[in-house]
Amino acid sequence: MLAGPLHAQSAAAPDAFVRQLSDEVLDALKNDKAVQGGDVARIRTLVDAKVLPHVNFQRMTAAVVGRSWRTATPEQKQRLQEEFKTLLVRTYAGALTQVKNQSVALKPFRGNAADQEVVVRSEVRGGSEPIQLDYRLEKAGDAWKIYDVNVAGVWMVDQYKNSFAQEIASGGLDGLISKLAERNKSGGKG
Numbered sequence: 001m002l003a004g005p006l007h008a009q010s011a012a013a014p015d016a017f018v019r020q021l022s023d024e025v026l027d028a029l030k031n032d033k034a035v036q037g038g039d040v041a042r043i044r045t046l047v048d049a050k051v052l053p054h055v056n057f058q059r060m061t062a063a064v065v066g067r068s069w070r071t072a073t074p075e076q077k078q079r080l081q082e083e084f085k086t087l088l089v090r091t092y093a094g095a096l097t098q099v100k101n102q103s104v105a106l107k108p109f110r111g112n113a114a115d116q117e118v119v120v121r122s123e124v125r126g127g128s129e130p131i132q133l134d135y136r137l138e139k140a141g142d143a144w145k146i147y148d149v150n151v152a153g154v155w156m157v158d159q160y161k162n163s164f165a166q167e168i169a170s171g172g173l174d175g176l177i178s179k180l181a182e183r184n185k186s187g188g189k190g
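Read in order, the letters of the sequence shown are residues 1 to 190 in the UniProt record's numbering.
The set of hints was computed from the structure by calculation and includes no laboratory data.
Some clues are possibly wrong.
Here are the computed lysine-lysine pairs in the BS3-like style, where the Cα-Cα straight-line distance is at most 27 Å [what the hints assert, rightly or not]:
| hint | residue 1 | residue 2 |
| --- | --- | --- |
| 1 | K77 | K107 |
| 2 | K30 | K107 |
| 3 | K145 | K161 |
| 4 | K85 | K30 |
| 5 | K85 | K179 |
| 6 | K107 | K145 |
| 7 | K85 | K161 |
| 8 | K145 | K30 |
What follows is a list of derived Cβ distance ranges for each label pair [unchecked claim]:
| hint | residue 1 | residue 2 | range |
| --- | --- | --- | --- |
| 9 | A95 | Q116 | 27 to 37 Å |
| 10 | R125 | N31 | 18 to 28 Å |
| 11 | P108 | Q159 | 19 to 29 Å |
| 12 | A152 | F109 | 17 to 27 Å |
| 13 | Q98 | G153 | 10 to 20 Å |
| 14 | E117 | D32 | 30 to 40 Å |
| 15 | S178 | K30 | 33 to 43 Å |
| 16 | N31 | Q166 | 33 to 43 Å |
| 17 | N31 | P130 | 20 to 30 Å |
| 18 | G111 | S178 | 32 to 42 Å |
| 19 | D39 | R67 | 33 to 43 Å |
| 20 | T91 | S128 | 15 to 25 Å |
| 21 | D23 | S170 | 34 to 44 Å |
| 22 | S178 | T91 | 13 to 23 Å |
Everything numeric in this text was worked out from a predicted model, so none of it was measured.
Ideal placement from N, C-alpha and C gives every residue a C-beta, glycine not left out.
Hey, can you work out the whole structure from these sequences and the hints?
Given below as structure tokens:
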């Protein structure tokens, strides 16, 4: 594990970034009694503190919205990012309630750490079968930011892009924003 918090790391290798982020999140999950008890509000606080600072939500949201992003007003872009972030935090927090004794094993990094965009591959172990968990990262200054995640062979951006395209086709961007806001308020699945 690297010394110091992630935000203090200067140009760490992308696989070292993923290792440290994974370790910090798993350690927090294992050491917080409220989290272990399934306190979703506490888990969301953990996600806000540990994960969100390392995600490029603008890029992720633009990718899932597709061509419509270019014609969206600044207000629509802002609302889309807020609602999509809420959806992802809720989904991620829900998944973290299932974490018990899992660990993350990095696969050998095959990219070039000097590249501006890389994929870091890993597996979550400790359940019945290992789960593939890969990250698409971009270099942002002297840090790495996550802009897509692959869980068990499905890239998150692709998954949401398909469902969002249907919402945009039927109700436009405002329809998508309303649908996301409704889901987020009701706590329903994304």
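Q | Satisfaction of hint between K107 and K77, Cα-Cα up to 27 Å | A | 35 Å, violated
Q: For the range 18 to 28 Å, tell me whether the beta carbons of R125 and N31 fit it or not.
A: 19 Å, holds
Q) Is the gap between the beta carbons of N31 and P130 within 20 to 30 Å? A) Since the Cβ atoms of N31 and P130 sit about 24 Å apart, the hinted range of 20 to 30 Å holds.
**Q.** Restraint status (C-alpha distance of K85 to K30 at most 27 Å)
**A.** Holds. K85 to K30 sits at ~24 Å (cutoff 27 Å).
Q | Consistency of beta-carbon spacing, Q116 to A95, with hint 27 to 37 Å | A | 29 Å, holds
Q. For the pair Q98 and G153, does the Cβ-Cβ distance stay inside 10 to 20 Å?
A. Roughly 19 Å apart at Cβ, these two residues keep to the hinted range, so it holds.
Q. Is 33 to 43 Å a correct range for the gap between the Cβ atoms of N31 and Q166?
A. About 41 Å separates the Cβ atoms of N31 and Q166, which means 33 to 43 Å holds.
Q) Do the alpha carbons of K145 and K161 lie within 27 Å of each other, as the hint requires? A) At roughly 20 Å apart (the allowed maximum being 27 Å), K161 and K145 satisfy the hint.
(Q) Taking 30 to 40 Å as the stated bounds, is the beta-carbon spacing between E117 and D32 within them? (A) Cβ of E117 to Cβ of D32: about 33 Å, so the range 30 to 40 Å holds.
Q | Hint check for R67 and D39 - Cβ pair distance inside 33 to 43 Å | A | Taking Cβ atoms as reference, D39 and R67 lie about 40 Å apart, which means the hint holds.
Q. So the hint says 33 to 43 Å: do the beta-carbon atoms of S178 and K30 match that?
A. 39 Å, holds
Q: Given the hint of 13 to 23 Å, check if S178 and T91 actually sit that far apart at their C-beta atoms.
A: 19 Å, holds
The structure fails to meet hint 1 from the earlier list, while all remaining hints are met.
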